[in-house]
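Engineer: Sequence:
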Amino acid sequence: MRRQRAAFFAALFVITGWIPAVAQDITLRSPDGAVEISGTLLGFDGEFYRVDTKFGELTVDGSGVMCDGPGCPNLSTYVAEIVFSGASVMTDILLPALVEGFARREQLQAARIDLDDTRFVYELTRSDAARPAARFEFRVTTTDEGFADLLANEADVVLASREIRPAERRRAEDSGMGDLTDANRSRVLALDALVPVVALTNPVREISTETLARVFTGEITNWQSLGGPDAPILLHLPGAGSGLGQTAEDRLAAPLNRSLSEDVHRHRRTAQIAASVADDPFGLGLASFAETAPARALTLTGSCGFSLNATRRTVKTEDYPLTSPLFLYLPARRLPKMARDFLAYTRSAPAQIVIRRSGFVDQSPEEIAINDQGDRFANALLSAGSEIDLAQLKEMTETLTPLTRLTTSFRFEPGSARLDAQSRSNVAQLASAIATGTYDARRLLFVGFSDGVGAAAANQNIARARAEAVQAAVLSAIDAGVTDRIDLGVAAFGEALPMACDDSDWGRRVNRRVEVWVR
Numbered sequence: 003m004r005r006q007r008a009a010f011f012a013a014l015f016v017i018t019g020w021i022p023a024v025a026q027d028i029t030l031r032s033p034d035g036a037v038e039i040s041g042t043l044l045g046f047d048g049e050f051y052r053v054d055t056k057f058g059e060l061t062v063d064g065s066g067v068m069c070d071g072p073g074c075p076n077l078s079t080y081v082a083e084i085v086f087s088g089a090s091v092m093t094d095i096l097l098p099a100l101v102e103g104f105a106r107r108e109q110l111q112a113a114r115i116d117l118d119d120t121r122f123v124y125e126l127t128r129s130d131a132a133r134p135a136a137r138f139e140f141r142v143t144t145t146d147e148g149f150a151d152l153l154a155n156e157a158d159v160v161l162a163s164r165e166i167r168p169a170e171r172r173r174a175e176d177s178g179m180g181d182l183t184d185a186n187r188s189r190v191l192a193l194d195a196l197v198p199v200v201a202l203t204n205p206v207r208e209i210s211t212e213t214l215a216r217v218f219t220g221e222i223t224n225w226q227s228l229g230g231p232d233a234p235i236l237l238h239l240p241g242a243g244s245g246l247g248q249t250a251e252d253r254l255a256a257p258l259n260r261s262l263s264e265d266v267h268r269h270r271r272t273a274q275i276a277a278s279v280a281d282d283p284f285g286l287g288l289a290s291f292a293e294t295a296p297a298r299a300l301t302l303t304g305s306c307g308f309s310l311n312a313t314r315r316t317v318k319t320e321d322y323p324l325t326s327p328l329f330l331y332l333p334a335r336r337l338p339k340m341a342r343d344f345l346a347y348t349r350s351a352p353a354q355i356v357i358r359r360s361g362f363v364d365q366s367p368e369e370i371a372i373n374d375q376g377d378r379f380a381n382a383l384l385s386a387g388s389e390i391d392l393a394q395l396k397e398m399t400e401t402l403t404p405l406t407r408l409t410t411s412f413r414f415e416p417g418s419a420r421l422d423a424q425s426r427s428n429v430a431q432l433a434s435a436i437a438t439g440t441y442d443a444r445r446l447l448f449v450g451f452s453d454g455v456g457a458a459a460a461n462q463n464i465a466r467a468r469a470e471a472v473q474a475a476v477l478s479a480i481d482a483g484v485t486d487r488i489d490l491g492v493a494a495f496g497e498a499l500p501m502a503c504d505d506s507d508w509g510r511r512v513n514r515r516v517e518v519w520v521r
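Add 2 to the 1-based position in the sequence shown for my numbering, that's all there is to it.
Calculated from the structure, these hints are not laboratory results. Hints are not guaranteed to be accurate.
[Said to hold, decoys possible] Cβ-Cβ distance ranges computed for the label pairs, FRET-style:
1) G229 - E156: 44 to 54 angstroms
2) D232 - S350: 48 to 58 angstroms
3) R358 - A443: 20 to 30 angstroms
4) A242 - E368: 31 to 41 angstroms
5) E108 - T55: 29 to 39 angstroms
6) D176 - P231: 49 to 59 angstroms
7) T223 - T401: 30 to 40 angstroms
8) T55 - E175: 16 to 26 angstroms
9) T301 - P234: 15 to 25 angstroms
10) R444 - S478: 16 to 26 angstroms
11) T223 - G58: 53 to 63 angstroms
12) A443 - H267: 47 to 57 angstroms
13) G229 - H267: 15 to 25 angstroms
14) R128 - G229: 58 to 68 angstroms
All residues carry an ideal CB built from backbone N, CA and C; glycine is no exception.
Work the whole structure out from these sequences, hints included.
Structural biologist: Right, dumping it as structure tokens:
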């Protein structure tokens with residue numbers, strides 16, 4: 003009978019929680035003694051116990067049971083603990099700034115304690131308390147190691163400078179951590195980008211994306227090929243396990259069906275790249291957007307005359323072709339309340355200011371006036387194909403001139419109708435802004451654009467279908483009644499407003515997009 007009751011009780015629990023360094027035996031009993039659960043304590047988050055029992059791994063509400071045994075925690079001395087592990091570009095700068103911002107908002111004192119070169123802890127303490135309320139540990143590793151720590155139950159949150167790989171996703175799901183690509187398991191914290199950097203004394207000022215790829219795959223090895231001196235190009239990249247390093251592999255080498263050159267100097271911490279290149283007159287590095295100083299960034303160009311610098315605006319709109327989102331991945335288990343509050347804070351408006359001041363790109367939508375987009379419309383006239391006539395350009399201009407463009411853009415995974423990771427995050431951000439009344443009594447127009455490959459009429463239809471798909475995704479993320487307060491619409495102009503050259507995979511990907519315009 004007791005076994006049946008326990009089994010029924012177990013069915014009410016969700017497998018979640020924090021894992022302590024040492025597991026011990028405990029027994030949990032309901033006040034009336036009708037339910038008793040014995041097993042090994044795996045974690046306690048201040049509210050819930052997580053216990054490994056003969057029925058499997060269970061999470062039990064601590065308010066409904068009494069704990070007996072050597073492993074029972076002292077409720078009066080409980081400290082919420084959470085371990086973050088992953089990309090150094092996030093642990094070195096971004097997360098410390100966010101923790102300190104969170105502490106200020108919550109009126110907590112934040113004390114940083116450096117444990118060694120790769121680990122530090124923030125203790126968050128209330129002014130009237132003798133012990134910390136929370137302890138956040140950070141492991142300065144790589145994206146690869148962050149996922150490995152999560153799978154080994156040595157971390158609670160992965161800090162990733164790339165999207166999760168299919169194999170990592172399968173292993174996490176097989177380990178009972180849920181689908182880490184679900185909306186409540188992954189989120190974009192901020193935006194970064196891969197930026198080519200050189201020493202200040204280097205005469206080269208710009209490079210095409212294709213040439214950059216040919217350099218980093220070892221096909222081009224001398225600065226003379228780039229308009230520089232007769233000298234070898236010395237390459238600098240993030241470490242092989244780094245998400246930014248893997249983004250370079252995906253974005254630069256993969257489209258050429260090549261691998262990155264082995265003749266490259268790898269840096270464990272991304273902040274070291276720009277510093278090393280600044281001291282190397284023949285160096286060329288791929289640095290984080292937030293960590294280009296003291297080196298000089300190169301402009302990305304195209305054979306058809308387009309050029310793009312990595313700026314906060316071009317990264318936020320993903321018009322810059324080497325934009326790289328920064329992710330948080332959370333397993334399907336319960337975190338302590340202080341940790342949940344911190345994660346909620348990272349999405350708030352004050353946190354976006356902290357992200358921006360840290361040198362990264364935040365996700366707060368901004369409006370770009372039509373007068374600030376002169377280059378885009380000039381390029382439309384200069385680059386329009388033979389199938390785009392003046393009447394179509396005039397229609398586009400008349401439609402968009404009364405509006406302003408949001409920095410929120412949407413793109414799709416290669417060869418797929420599924421929005422990419424950043425765009426899925428943008429759906430949630432835009433839906434939240436609509437729900438909170440940001441765009442009440444205004445018009446939002448989802449405008450589809452395409453690359454120039456194929457017939458213009460077909461591209462127009464594809465662009466409209468994508469715009470309609472984005473609108474549907476946003477509508478599905480908000481309550482039906484909310485749409486009564488705004489005016490939503492769809493338009494498409496196909497290949498009429500290119501952002502990059504269509505002669506490369508990089509350019510075509512940038513051109514295939516859905517923009518949001520507002521009046």
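Engineer: Give a verdict on every hint.
Structural biologist: Hints, one by one, checked against the model:
{"no.": "1", "hint": "G229 - E156: 44 to 54 angstroms", "in the structure": "holds, 48 angstroms"}
{"no.": "2", "hint": "D232 - S350: 48 to 58 angstroms", "in the structure": "holds, 53 angstroms"}
{"no.": "3", "hint": "R358 - A443: 20 to 30 angstroms", "in the structure": "holds, 28 angstroms"}
{"no.": "4", "hint": "A242 - E368: 31 to 41 angstroms", "in the structure": "holds, 36 angstroms"}
{"no.": "5", "hint": "E108 - T55: 29 to 39 angstroms", "in the structure": "holds, 35 angstroms"}
{"no.": "6", "hint": "D176 - P231: 49 to 59 angstroms", "in the structure": "holds, 53 angstroms"}
{"no.": "7", "hint": "T223 - T401: 30 to 40 angstroms", "in the structure": "violated, 48 angstroms"}
{"no.": "8", "hint": "T55 - E175: 16 to 26 angstroms", "in the structure": "holds, 22 angstroms"}
{"no.": "9", "hint": "T301 - P234: 15 to 25 angstroms", "in the structure": "holds, 23 angstroms"}
{"no.": "10", "hint": "R444 - S478: 16 to 26 angstroms", "in the structure": "holds, 20 angstroms"}
{"no.": "11", "hint": "T223 - G58: 53 to 63 angstroms", "in the structure": "holds, 57 angstroms"}
{"no.": "12", "hint": "A443 - H267: 47 to 57 angstroms", "in the structure": "holds, 56 angstroms"}
{"no.": "13", "hint": "G229 - H267: 15 to 25 angstroms", "in the structure": "holds, 23 angstroms"}
{"no.": "14", "hint": "R128 - G229: 58 to 68 angstroms", "in the structure": "holds, 60 angstroms"}
In terms of the numbered hints stated before, the structure departs from hint 7 and from no other.
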